[in-house]
Amino acid sequence: MALEYDIVVIGGGVVGCAVARELSRFAVKVAVLEKEMDVGLGTSCRNSGVLHAGFNYAPGSLRARLDVRGNAMMDDICRDLKVKIKRIGKLTVALDEEDETTLHRLKEQGDANGVPGLELIGKDRMQQIQPGVEGSLALYSPTSSIISPYGLTIGLAENALANGVDFHLGQQVVSITSLAGGGWVLGTKAGETFTAKVIVNASGLFSAEICRLAGISDYVIYPCRGEYYVLDKRLDGTLKALIYPAPKKNAPGLGIHLTPTVDGNILIGPSAEYLNVPEDHSCTADVMKELRREGQELLPEIRMTDYIRNFAGIRPKQTPPEVGGNKDFVIEDRKDVSGFINLLGIESPGLTCAPAIAEMVRGMVERHIPLHSDPSFNPVRPGSTFFFSELPAEERASMIADNPNYGEIICRCEKITKQEILDAINNPLGARTLVSIKYRARASMGRCQGGFCVPRITRILRDEFGWAPEDYLKRSTASPLFVGNVRPVKGGGVR
Amino acid sequence: MNMKNGTIPTICREVVVIGGGPAGLAAAIAAREAGCGSVLLIERDRILGGILNQCIHDGFGLHTFGEALSGPEYADRYIGKFRDLQIEAMEETIVLSLSADRLIEVSTRGTFQRIEAGAVILAMGCRERTRGAISIPGSRPSGVYTAGAAQNFMNLENIMVGKKACILGSGDIGLIMARRMTLEGAKVEAVFEILPYSSGLPRNIQQCLNDYGIPLHLNTTVTGIVGAGRLEGIRVAQVGQDRAPIPETERFVPCDTLLLSVGLIPENELTREAGVEMDPVTGGAIVDDSFMTNVPGIFACGNVLHVHDLVDWVSMEAGEAGKFAACYVQNGSCALPCLIPVKPGSGVRYTLPQKVSGERDFVISLRVAAPWRDRSIVVRSGGREVARQRHMRLHPAEMIRIDLRKEAVAGCPSLEVVVE
Numbered sequence: 001m002a003l004e005y006d007i008v009v010i011g012g013g014v015v016g017c018a019v020a021r022e023l024s025r026f027a028v029k030v031a032v033l034e035k036e037m038d039v040g041l042g043t044s045c046r047n048s049g050v051l052h053a054g055f056n057y058a059p060g061s062l063r064a065r066l067d068v069r070g071n072a073m074m075d076d077i078c079r080d081l082k083v084k085i086k087r088i089g090k091l092t093v094a095l096d097e098e099d100e101t102t103l104h105r106l107k108e109q110g111d112a113n114g115v116p117g118l119e120l121i122g123k124d125r126m127q128q129i130q131p132g133v134e135g136s137l138a139l140y141s142p143t144s145s146i147i148s149p150y151g152l153t154i155g156l157a158e159n160a161l162a163n164g165v166d167f168h169l170g171q172q173v174v175s176i177t178s179l180a181g182g183g184w185v186l187g188t189k190a191g192e193t194f195t196a197k198v199i200v201n202a203s204g205l206f207s208a209e210i211c212r213l214a215g216i217s218d219y220v221i222y223p224c225r226g227e228y229y230v231l232d233k234r235l236d237g238t239l240k241a242l243i244y245p246a247p248k249k250n251a252p253g254l255g256i257h258l259t260p261t262v263d264g265n266i267l268i269g270p271s272a273e274y275l276n277v278p279e280d281h282s283c284t285a286d287v288m289k290e291l292r293r294e295g296q297e298l299l300p301e302i303r304m305t306d307y308i309r310n311f312a313g314i315r316p317k318q319t320p321p322e323v324g325g326n327k328d329f330v331i332e333d334r335k336d337v338s339g340f341i342n343l344l345g346i347e348s349p350g351l352t353c354a355p356a357i358a359e360m361v362r363g364m365v366e367r368h369i370p371l372h373s374d375p376s377f378n379p380v381r382p383g384s385t386f387f388f389s390e391l392p393a394e395e396r397a398s399m400i401a402d403n404p405n406y407g408e409i410i411c412r413c414e415k416i417t418k419q420e421i422l423d424a425i426n427n428p429l430g431a432r433t434l435v436s437i438k439y440r441a442r443a444s445m446g447r448c449q450g451g452f453c454v455p456r457i458t459r460i461l462r463d464e465f466g467w468a469p470e471d472y473l474k475r476s477t478a479s480p481l482f483v484g485n486v487r488p489v490k491g492g493g494v495r
Numbered sequence: 001m002n003m004k005n006g007t008i009p010t011i012c013r014e015v016v017v018i019g020g021g022p023a024g025l026a027a028a029i030a031a032r033e034a035g036c037g038s039v040l041l042i043e044r045d046r047i048l049g050g051i052l053n054q055c056i057h058d059g060f061g062l063h064t065f066g067e068a069l070s071g072p073e074y075a076d077r078y079i080g081k082f083r084d085l086q087i088e089a090m091e092e093t094i095v096l097s098l099s100a101d102r103l104i105e106v107s108t109r110g111t112f113q114r115i116e117a118g119a120v121i122l123a124m125g126c127r128e129r130t131r132g133a134i135s136i137p138g139s140r141p142s143g144v145y146t147a148g149a150a151q152n153f154m155n156l157e158n159i160m161v162g163k164k165a166c167i168l169g170s171g172d173i174g175l176i177m178a179r180r181m182t183l184e185g186a187k188v189e190a191v192f193e194i195l196p197y198s199s200g201l202p203r204n205i206q207q208c209l210n211d212y213g214i215p216l217h218l219n220t221t222v223t224g225i226v227g228a229g230r231l232e233g234i235r236v237a238q239v240g241q242d243r244a245p246i247p248e249t250e251r252f253v254p255c256d257t258l259l260l261s262v263g264l265i266p267e268n269e270l271t272r273e274a275g276v277e278m279d280p281v282t283g284g285a286i287v288d289d290s291f292m293t294n295v296p297g298i299f300a301c302g303n304v305l306h307v308h309d310l311v312d313w314v315s316m317e318a319g320e321a322g323k324f325a326a327c328y329v330q331n332g333s334c335a336l337p338c339l340i341p342v343k344p345g346s347g348v349r350y351t352l353p354q355k356v357s358g359e360r361d362f363v364i365s366l367r368v369a370a371p372w373r374d375r376s377i378v379v380r381s382g383g384r385e386v387a388r389q390r391h392m393r394l395h396p397a398e399m400i401r402i403d404l405r406k407e408a409v410a411g412c413p414s415l416e417v418v419v420e
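Chains as they are written, first to last, in our numbering: chain X, 1 to 495; chain B, 1 to 420.
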């Protein structure tokens, strides 16, 4: 039996979740179909976690408009959804005359785009902002910021859910059929059927494929991988602002740089390498070596012991390798295919643009379905922006006295408490893989990479849900953690 | 730091030991036996004993007790004594911070408190080096574990981590786990070691690999991890003298599990926070012949100080540290000026303690930089030979201890230890 919706959003990345949350303001039935077992596991959680100011994009382009708007929306969103954001600003640095010309051009472009507070600054101001930074001139953009990308995606999703959106996880769309009288039928790999009056295609790397299922063959997505290193928190505080090199012509990204994260790590990356397959998140020896070299050059204090993890994200590019550079987003309400709203090629700055894209999509949906405000909409997500360990000692002491679970540390590196693990496990979306717990509670993201906490989390999951070893998954049913018991369990308990 | 606060209870103890593994237990016992009345041991796990609890194989305590005990049995000897002496322990308690003036913040279920310590003994042990730390390329499937984490799952949680395993690194835990997985029905394909020699104890090579026909491939490393969901296999290649993989030797080994036994890192985050000066080679604190760090009243011992090969040496070293910590609180200070530096010379990777007083007998612990046959370890001061120890076999996997009497180093401005 088909599940009936007004709007089905394909893809639970940051854009899909932002669209879902925006539509949850209205009295319509909305579903998000996500092929993974949690939201945000694709490109949305695999990036630098940077909100861009908006000076890098041609005036009049979607990216210019949506980025400036999206950036401006983020303070309210982060406050309401309890997402970490730090408005640390950015220095785009010129090392030679060519770069200086670029910076002057970017300043003009940014002003034209309405980017607030842009300034070209000389060496003295540069040193004040980031002691030791090299370069003769910099473009300072105070609205450039860092944010938790998974925090934002999860926050948007949970708030959408609280406001009535259905999330169907583990549902990969494999067929899309238009109905004679208008509307759509979507079939998934798991055998579920959904109907929708309007489809929003927010499927990132798979957006061209989803287009083809709906009979649109205009687009090709060229996956372009970016690899990163994550550095130990030992170096927290080293970077006072984002520091980027002046962009080079036709480069597929903004160049390898160091990015502080809202949680106190530093990222080195991203590289840029076109792939033949859509989803290979491997890290490669050559790129890793290059990242280490460049990282060392940018920050000589980096020691071998500071490398704690690698990851890779993939940009859904519309430009093939031989062209390079990037193309403006496709955000369209197809005239030829009625009721199909297409969001395609949303690479950087998609994270920043997401809420502005969602507003735009809302306008498009309104052409098909009347949208009446739902008076029960609540933009606020319960909970705290901060991890327990970030609270003042006195506050922690009283919270521990009230709830002993706050006194028990499960992840020693990140000082994550049992209550935070329980909250993550019992998240409203019902995502219970190890990766889901990691993105919500930060457990296993520290320097020991789960050596200490994963056995403890395993125990908590067993106590909460009575799981057998086979039930534990890293990120999907294809990635079981364990194969069984060592010895048969007698009398129905391990201990 | 704000020492007193209305809402946070603060208690005082003479000696506070951080960590209830073999080092912490022995240190606490020694401090009590030295006459210190108020000794507190803080342990983050539910039970005392530390990593010994998951080491269900035997071979512990040959030197101390003259018999081969299992890890829990060895721990139990010390826990028994600890209980007999009625030493105070806080289990399931984690230290959140440590300041140079020895103020400790701890968190327990239901309680957050501060402890003012007369002396602190750091005995936090070490953690395992991870995949990220050694930058193994490839995807990030499930089935890649550090050997110690796999040991925890198997021995404490009754959870089998995989059916067909490879092991990278021939550290002792890796070797022990090769045997353990085999005994529980898994197929262990091979152990790969990037160095030209094993980094585990010879007895473990024999008893854990050779006895079970598990091959050890030296000069070989993992060059790639393959698998989208669960691990599907690894790429391995031989390495040249520069330890860089030789591409033409690369091959694929199918397996669902990769255990990493690629080194231990002393867990010194608290130590650094307290402003203790560190030795970049050992990864632990710099200490004098009383195991005191540069921060007065903060002592260190066991694997948090330097990674040991045998638990017997841990207990012995920790006993010394406990005794000196007790002395520190009883006498205000019993630190003697330690002006004689002890330095590793040719063929020696590190020496410990890093400085001595020359006013009392002491032990130099050291590790050599490479395997040798028929060499001597020589302690020198300038041209003068202070001590010499002949070894048929020297191996980086084995820690060497040299007992020195204060008379032997009288008048020495500095000491150097070399392999000859």
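Derived from the structure by calculation, the hints contain no laboratory data.
Errors might be hidden in some of the hints.
Unchecked claim - Some but not every residue of chain B turned toward chain X, in silico, with C-beta under 10 Å:
1) 9
2) 130
3) 142
4) 161
5) 202
6) 205
7) 206
Positions of the beta carbon are idealized from the N, C-alpha and C atoms, including for glycine.
How the hints compare with the structure:
no. : hint : in the structure
1   : 9    : holds (8 Å)
2   : 130  : holds (4 Å)
3   : 142  : holds (4 Å)
4   : 161  : holds (6 Å)
5   : 202  : violated (27 Å)
6   : 205  : violated (24 Å)
7   : 206  : violated (25 Å)
The structure shown violates the earlier hints numbered 5, 6, 7.
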